[in-house]
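Turn these sequences into a full structure, and let the hints steer you where they fit.
Numbers 3 to 91, taken from the numbering used here, label the letters of the sequence shown in order.
Hints may be right or wrong, so weigh each one.
The calculated label-pair distances, taken between Cβ atoms and stated as ranges, are [claimed, not checked]:
1) G44 to Y78: 34 to 44 Å
2) Q36 to L74: 35 to 45 Å
3) Y67 to L29: 39 to 49 Å
4) T28 to T76: 41 to 51 Å
5) L29 to I57: 25 to 35 Å
6) V30 to G60: 25 to 35 Å
7) N80 to H25: 57 to 67 Å
8) W48 to K82: 31 to 41 Å
9) C66 to E42: 22 to 32 Å
10) S85 to I57: 41 to 51 Å
Calculated cross-link-like contacts (lysine-lysine; reagent style DSS-like; alpha-carbon spacing at most 25 Å) [claimed, not checked]:
11) K50 to K31
12) K45 to K34
13) K31 to K45
14) K34 to K50
15) K24 to K34
Treat the hints as calculated values from the structure; they're not laboratory data. In this text, a Cβ means the ideal position worked out from N, Cα and C, and glycines have one as well.
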Amino acid sequence: MLQFTKRTSRYFFHGISTTPIKHQSTLVKLRKLQADFQCENGKPIWLKGGLSDRILYGTTVVLCYIGVLMTLVTIYDNAKPSSWKNPTC
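Here it is in structure tokens:
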């Protein structure tokens, strides 16, 4: 069992750690992206990605508000007595 584990880990981690970068432009883009995220420009980190981050953040906030509102409506509906729910007149 130990030999299997050693061979498996050697197989998986060998390819990850020693693979040479084929395109230097990818490394340059990654370093530029890291520098953009690390610069201090007053923006919160969750909005530094651009338009897509703003859309995702706005959607998340709206869905959270809808969820809280639906929770409050459910609590209100369940808190009402039965006589309020089904009027007998």
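Each hint tested on the structure:
1. Range check, G44 to Y78: Cβ separation about 41 Å, and the 34 to 44 Å hint holds.
2. The given range of 35 to 45 Å is respected by Q36 and L74, whose C-beta atoms sit roughly 42 Å from each other.
3. Taking 39 to 49 Å as the suggested C-beta distance range, the pair Y67 and L29 conforms, at roughly 41 Å.
4. Between T28 and T76 the beta carbons are some 49 Å apart, a value that agrees with the proposed interval 41 to 51 Å.
5. For the pair L29 and I57, the beta carbons lie near 28 Å from each other, so the given range of 25 to 35 Å is met.
6. Checked against the given bound of 25 to 35 Å, the beta carbons of V30 and G60, roughly 31 Å apart, stay inside it.
7. At roughly 58 Å, the beta-carbon separation of N80 and H25 lies within the given 57 to 67 Å, and the hint holds.
8. Taking the beta carbon of each, W48 and K82 are about 39 Å apart, inside 31 to 41 Å as hinted.
9. In this structure, C66 and E42 meet the distance hint of 22 to 32 Å, their C-beta atoms being roughly 28 Å apart.
10. A hinted range of 41 to 51 Å holds for the C-beta pair S85 and I57, which are about 46 Å apart.
11. For the hint linking K50 to K31, the alpha-carbon distance of about 16 Å falls within 25 Å, and the restraint holds.
12. In summary, the hint linking K45 to K34 is supported, as the alpha carbons are separated by about 17 Å, within the 25 Å threshold.
13. For the hint linking K31 to K45, the alpha-carbon distance of about 21 Å falls within 25 Å, and the restraint holds.
14. About 13 Å separates the Cα atoms of K34 and K50, which keeps this hinted pair within 25 Å; it holds.
15. Annotation: proposed proximity of K24 to K34 holds, straight-line Cα distance about 18 Å (limit 25 Å).
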